[in-house]
Structures are given as C-alpha cells and as structure tokens.
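Chains as they are written, first to last, in this note's numbering: chain R, 1 to 260; chain A, 261 to 520; chain F, 521 to 780; chain H, 781 to 1040.
Hints were generated in silico from the structure; no laboratory data involved.
Check the hints yourself; a few may be wrong.
[To be verified] Pairwise CB distance ranges (calculated): (1) 799(H) <-> 156(R): 38 to 46 angstroms; (2) 774(F) <-> 886(H): 22 to 30 angstroms; (3) 227(R) <-> 694(F): 52 to 60 angstroms; (4) 58(R) <-> 264(A): 45 to 53 angstroms; (5) 487(A) <-> 576(F): 44 to 52 angstroms.
No experiment lies behind these values; they were computed from the predicted model shown.
From the three backbone atoms N, C-alpha and C, an ideal C-beta is built for every residue, glycine too.
Number of protein chains: 4
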Amino acid sequence: MMKAIDLNSDLGESYGAWRMGDDAAMLDIVSSANVACGFHAGDPSGILRTLRAAAQRGVTVGAHVSYPDLVGFGRRDMDIAPADLTADVIYQIGALQGLAAAAGTTVRYVKPHGALYNRIAVDAVQGAAVIAAIKTVDPALALIGLAGAQILDQARAAGLAVVGEAYADRAYTPKGHLVPRREPGAVLHDASLIAARMVRLATEGVVEASDGSAIRLEAQSICVHGDSPGAVAIAREVRRRLEEHGLGVASSLLPGLRHA
Amino acid sequence: MMKAIDLNSDLGESYGAWRMGDDAAMLDIVSSANVACGFHAGDPSGILRTLRAAAQRGVTVGAHVSYPDLVGFGRRDMDIAPADLTADVIYQIGALQGLAAAAGTTVRYVKPHGALYNRIAVDAVQGAAVIAAIKTVDPALALIGLAGAQILDQARAAGLAVVGEAYADRAYTPKGHLVPRREPGAVLHDASLIAARMVRLATEGVVEASDGSAIRLEAQSICVHGDSPGAVAIAREVRRRLEEHGLGVASSLLPGLRHA
Amino acid sequence: MMKAIDLNSDLGESYGAWRMGDDAAMLDIVSSANVACGFHAGDPSGILRTLRAAAQRGVTVGAHVSYPDLVGFGRRDMDIAPADLTADVIYQIGALQGLAAAAGTTVRYVKPHGALYNRIAVDAVQGAAVIAAIKTVDPALALIGLAGAQILDQARAAGLAVVGEAYADRAYTPKGHLVPRREPGAVLHDASLIAARMVRLATEGVVEASDGSAIRLEAQSICVHGDSPGAVAIAREVRRRLEEHGLGVASSLLPGLRHA
Amino acid sequence: MMKAIDLNSDLGESYGAWRMGDDAAMLDIVSSANVACGFHAGDPSGILRTLRAAAQRGVTVGAHVSYPDLVGFGRRDMDIAPADLTADVIYQIGALQGLAAAAGTTVRYVKPHGALYNRIAVDAVQGAAVIAAIKTVDPALALIGLAGAQILDQARAAGLAVVGEAYADRAYTPKGHLVPRREPGAVLHDASLIAARMVRLATEGVVEASDGSAIRLEAQSICVHGDSPGAVAIAREVRRRLEEHGLGVASSLLPGLRHA
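Throw the hints in and build the complete structure from the sequences for me.
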C-alpha cells in the first residue's frame, strides 16, 4: 500500500474587490483546502468560487475559522469570551457548510486561523470553546492543528479526529516549536531544501531543527502557502518531490478512508 | 379538525451590546421565529440564545436573510449582483443552520428581510437569486413572502413550498398592497381592532382595505412585531383572540404536517 | 471663587437602528460628553445628533476612541500593533472633529474606551501609541484617564493636558484601584450613597475604599453612566448633591478656562 | 505662463492585509491623490502611509468618499437617506483630515467614489447631501466630478469650487457621456492613443467621441488608474506626452493658486 501525506493550504482569502493568493494554482497542488469563512477573509461569492474549484478537483475542504477581525486579517490576539467564541466558530462552520453544499462538496475538518490558531495551541479555555463548537455542529469534523501542540491532545480526548500538521517553510526549534517569525532564519525560502525536509518528514517522521538535531513530528499533513508566485513554486516542488519518492498526496479525511 | 394559522415575528435582532425586542416574550406568543443571520442584525452568540429559546418552546425557525448592511439594518435598497446575492443568502442560511443544530432545532424556512423583502416582491431577478440560494442549500426550505406578491408565484413555479403572510398592524390598499408607511393610517395601533381584523382574515380569508372594501388575501401566516412593549401586547391580543375563536396557532411547516 | 468638578458620560453609543442610553437626559446632567467615534459604537448620523444636542447645551465634547470591535463593543482586549493603534485613534478623532464642526462644536479631549482604556492604564506601549495619535492631530487635546493610573503621568510627561477621573458607581480597593466587576460589591447602586461619596471626593479629595479606609484620588472629573433609567437617576442625584454643597459642575477644558 | 492640467488617481485602496494598486508609482505621476476614507477601502494605517507618500511628493490630497460598502467596494447603488449620507461624508472627510494632519498635508477636495459618483451625476437629492457635507466641514474644499455632469453646476451654485474631470481610458458618446463599461470599446487600452487624446483635451478642450465627432469637455483634471502594471504605464505615458507638449501637470487647488 502506498504511503500518503496530506498537503493543505489557506485559500478563499480574497475579499470583495481584493485578490489574495492564486487559488486555482494551489488547488492543483494540495489535497486539502482551508477555506476562509468571512471572519478574517472571504466574501460569500468568492468563497463559493473557491469551493467549486476545490470540488472540481476533488480537494478536501475544511473551515478556516477565525476571530472576527477583517481589518487585522485575524492575526491579532483577542480576549473573546468562550461562549462567544463557540458561537462564532459554529456560525463560520455553518456558513461554509451551506456554501459547500451549493458547490457540491462537504466540509470535512476545521482549522483555526492566525491568532486563534496560535492561541489554542497554548490556551485550553479557548481551545475548549473551539472543540465545543465543532462537536456541536458535526462531531465527525476533524481538527487540524500544530503537530505536537496540546490542542491536539485536548481535541482527541474530547473525541474528535485530529490531524497534526507541519509547516513546510518554517524552521523548528530543538523542542519542536516553530522558530518565531521575528527571528533570523524563521522562514525558509529554498524550494529544494524545503522539499527535501518534507520528504524526510513524510518518510522518516523527523525534521531537522535549527540546531541541526533531528526532531520527531507526528504530522499527517503539511501546510504550504500560496500567497506569492514564489510560494506557489515551493508548494509545487514539495509535491513533485514527495511523488518522486513514491509518496501519495491525499487527505486522510476522505470518506471511506477515514476509518481505514 | 381545528383550523390553524401561523404567527411569525422577527427575532434575534440584538447585536453585541445592543438589545432589540423582547425575544422571550414573543417566543411565548408566536409559532414561527424569523431569526436574523448576522447581515442586518444578530451576532452569533445572540442568535444562538434566541434559537435555544425557540427550540425550548417548539417554535419553528426560519432564516431572516438580508442585504449586508448592519448600519442600515438591511432597510436600504442595494443593487447587488444576482450571483453575489445568491451567495450571501446561502451563507446566511448555512450559518443559521449551524447555530440551529447547536440549539437542537432545524431551519424550516427563509424569510427575506427589509429592503430585500420589498425588492423581491417586485424584482424577479433578485427574486430568482434568492430562490436559487434556497434550492441549492435545501429545497425543502419554504419561502415566506408577502401574500399576493409575485415572488410567491415565482418560488412556487421553481418548486419551493411558499407561505403567504399578512401584516397584523398594517393597512391594505383596495388592491391588496400595503399602504406605504409614509401615508397616514399606514400603521395600526389599536390592539382590539388589529386582533379583530386578523380573526376575520383567519376565518374568512379577507381583510378590510383602507377604503372599507373587503379584499381577499391568501395568507397562511400573520406577521406580528415585538420591538416595543406595545407591539408585544398587540401580538398577545392577536393570539388570544384567534384562540378565543377556536383557531390554533401553529406553523404549517412542522415536519410530518408539511405534506398533510 | 466657586470650586467646580466635571461630570462626564459615555454618549453617542447608539448604532443604526439600535438605541443605547438616553443621551438627551444625560446631556442635561453632565458637563462633558465622551462621544463614540464609530469603532465600538456610533454611526455618523447618530453621532451628529448627539453632538448637536451637546452643542446646544454647551456640554464639552471628547472623542471616545476604541479598538475596532463593533460586535464586542470595544470591550475585548486586542493585540494591535502600535502604529496601527495610532492610526486608528487619529482616524476616530478626525472623524469626530469633522462631525463636531458640522454640529457647531469642537473636540476638546480624548477618552479611550473599554478594553483600550483598561489596557493603557497598565501598558505603556499602547499608551504611547494613543498619546502619539493625540499629539499628531492636535496637541491641545487633553486625555481623560483613570485617576492614579500611569497613563496620566505618561501623557503629562509627553506634554498633554490630562484629566483624572473617578467612577461614581464603582468601589475602590485600598490601593485606589477599581474593585473588579466580577467581585461582590464592585458596582454601587444606592444613589444617595454614591452622591455622598462624590461630594466627599469633590470637597476633600478622598473616597472611602472597600475596607473603610480613606484614599486620596486626584480626580478633576467624575464618570457617570446613562445606560439605564436607574443610572440616569444616579447621575442626576450626584449633580444635585454636588450643587447642594455649593460645587459647580463644569469641564476644566473650556477654552479660556484651561490655563486659569 | 505655462498651461497646466491636473492628473488625479484613486489611491489608498488597500485594506488590511489586502493590497491594491501601486500607490508609490502613481504618486510619482499624478498631481492629485483621491485617497480612500475607509468606507469602500482603506484602513487607517494604510491611508496614513499613502498620505505620507503624497505629502513627500507634494501631491494634492482629496477625500475619496463612498457609500459604506467594503465588501462591494462602494460600487453598488444604495438608497441611503440624505441626512445619513451627509453624516457619512462628513465622517469620512474628517477622518481623512485627521490622518492628513498626521502626515503633514491637508485635504483640498472631495471626490465621490464608485456608485456614489455615478448617482450624484444624475440624482440632485444625493448630490445636495454630498454638497451639504462639504460645506459643513470646510467650504473651501473643492468637488471633483464628471466634466459636464449636473452635480458640478449644482455644487457651483451652492458656492463650492468645482473641478471637472475627464477619464483618460474611457470612450465618450457624442453627447459627452462615458460609454457604459458593458459596451464594446468602452475602455481604451492603447497608451499612445490615450495620451494623444489627453494632449488634445488639454490643448484644445476637445476629445474625440465614439462616432468620430469632436466634443467639448470642460475638464481641469484627468483621471488615470493605477490598478495594474498596464494602467500605471498608461498613466506614465499620458504625463510624458503632456509634458512633451509643454503642458504642466499640477492641481489647480494648491493654496495661493486657488484664487489666481
């Protein structure tokens, strides 16, 4: 049986007259699309376009839920009450489910975005609010989170399917955390190096940390970006090299495969 | 078999720190709740509260979809492209479906709000965009519209279940249109008179027009308001008098009843 | 010469169809109006109404600036970059200045709202961002802040006029901080007691803390609320009792008086 | 004395994480910057950046005011009450004045954007609402509008300075109206042709209509676009050819020049 790994990317992030990213190009590369739900990006019409393009290519769809902060693109930490956060996440999942139905596809997972993603990696209260939202709408929805983060254990303990992800273009500390963006070398730019690292991750389960040590990451998915032509080229190279090494690129959440 | 008529009201119209209407009081009176979906009113947390209260009382829930215009409360006509309008309506229905699932209930119908309601009463292009949205998300959803308006024929022709509604506190022209709000006598305030008119409508199918003539209205539902203590009292009186005359107050859209 | 103290209140907090507070009643009581600028509350048309009513009564006007968070009413802490915060505050002050000109009045001070108010009481970075905004638009604008908070020293050191304020209906710790709202007794409701406390503050410069000790507060202004009929009655009683004790109610920022 | 004409362009139209246009490139070409005010585009931080760049280059600044419609980019006609429209326009002008002060420049004119621009070209009620806003904030602000449109006469009659503008890349009907965008040939793409047309306009006061006839346009300004590399190149060519023909590129609204 061929070994496979998932490639996911943040899509549907245009808003009205503003374009962001090259969704069509990325949908030819990834197996999972984290689609914006309108709170940090994405207007209904644009979201629908992205969902239709994902459906055409058989790309698995997830809800990229966020704090309500368009002007901040969901990147600013917010002290939101847990009950409000739960309702915000339900609202976004539901909205995306409606649009997904219109596009002939189905929402399979939830990936929190930006500041919310970082917050629930360490804040179990907001984490519980997100988990409660998912279980309430559809307990079959999986949660994508940072490989190694406590939110994955928390979600698993709550009965959710979880998917750990690695970041293709980010450096890791020896403890397995992401090197903060403000530090030198935090973001990798060499497509060939990045692809080689991801092949090693997919085949050996390890990635090389910033000090040269090998760290183990339980990642079933790799996050790639598409917000610049360079980023798209990196994503394409990652996929090419994975396939060159005999690895499939596929979501583990496809129906029928889920309980395999 | 007891004859019944539906009472519907616009609910869930608070937003963040701002309160509007007395949802708890109205949910004890009406059989159908048109719940705001966030575009003219309603934040996710407040919507969820209203949906839970509706679910507790067995009140049927509909999506009160709107143009995207919070500051204008959805009351300003907008020239929105049909494809964008369709996506906006799908988004709102989906969001409400998600929150309804969390509240243990189900969205049964769609009622356009404010300027959109008035527009599709006469504009078949925007009407078609709304109908397309409903059919795409769930063709079992009914559409509530103004009794006698062309949108009901249009929706019926498209295969949707429709519910015509009358306005309890509004005067009608001899042709069966609402007297515009800016004209004297357009809005009725006498609870007893209003209740008597609605009893006549429910029993004889007619309402007295502004010139004293009797006009026929095919209304399966009566819209009552709850945005002031006086409005709540009127709604209560309408229900009391309907029941006094042996009429039931119930939605025609309850599952099991729908195809009766 | 008659001693005077300022009474300030948060006004202009309606938004579109949603009403909040009784601005007309409060403008008959207070000497300073903290007017919302559209980021936590206030649409342009409603703000203009409040400014006109303030101008008619000779009430001094300030910009009640906030984080951009309508649905959270500016009450949720946000990690906003200092440069963005500065620009947000400038934008709000400018918008209010434009509307104030249209109403025939002038913005005299800035009072940060909600979470921003609390944040800059302790966070000198966001505090500096607010101060930079004020100095940039008009260095003659004063800053109202919590009596005793570091932001007042910081603003004074930066060359701004500052006004310390006390909260009429809040209990104080022995150290002069507000008792957090979640603790019992944090909010006072007895109009007579509240008025007596404020008379003592205005005459002796002290307020009784929650443990019975007397604490010194350098407050040139007292914040009163108008968000319920009970709150309006308390504000009215505070003013009545101040006047009964021969104290004037006036802003210290009136032109001509400022350098007295 | 050298004859001069103004070149204006819509700038500051990025929003949060979304980029639009190449403001730096355009500010090297134009003499007037129509800067977004947050209602159709432009967040405070981004607006401030554009204003600073305009100030550095001595480019005259105007307020590009819009209906409140971010997701529709201000391009959708809205039935907004005149009093609300006036307040909306005042708010935007004031906000931009605040940011302009911070950038060391001054707002000199107002140019309505998108659907509002088209509406007031023909709707004297909304036109009057815009004029009232301008006069209220600062009667020295000029209004830029479509050369030949009634709004210019209306504004002039109300005592405002007006600037008529021609569109560099648009075809004109024999009556001097813009050929609607949906018609073939409505938008011109040939930089050399466009530049030649604008030289003729600046020197002879005429532009060739779609039927080959010459029409007279009283335009003191030419609108050029910067939303694509091609558009920037066209704008640059227009300027180059104007200068080649001995024409200056300058705003007529510079202080000192205004009453020349």
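Here's how the hints hold up against the structure:
With their beta carbons about 39 angstroms apart, residue 799(H) and residue 156(R) fall inside the hinted range of 38 to 46 angstroms. In this structure the hint that residue 774(F) and residue 886(H) lie 22 to 30 angstroms apart at CB holds, the actual value being about 28 angstroms. Taking 52 to 60 angstroms as the suggested C-beta distance range, the pair residue 227(R) and residue 694(F) conforms, at roughly 53 angstroms. Here the CB-CB span from residue 58(R) to residue 264(A) is close to 48 angstroms, well matched to the stated 45 to 53 angstroms.
The given range of 44 to 52 angstroms is broken by residue 487(A) and residue 576(F), whose C-beta atoms sit roughly 29 angstroms from each other.
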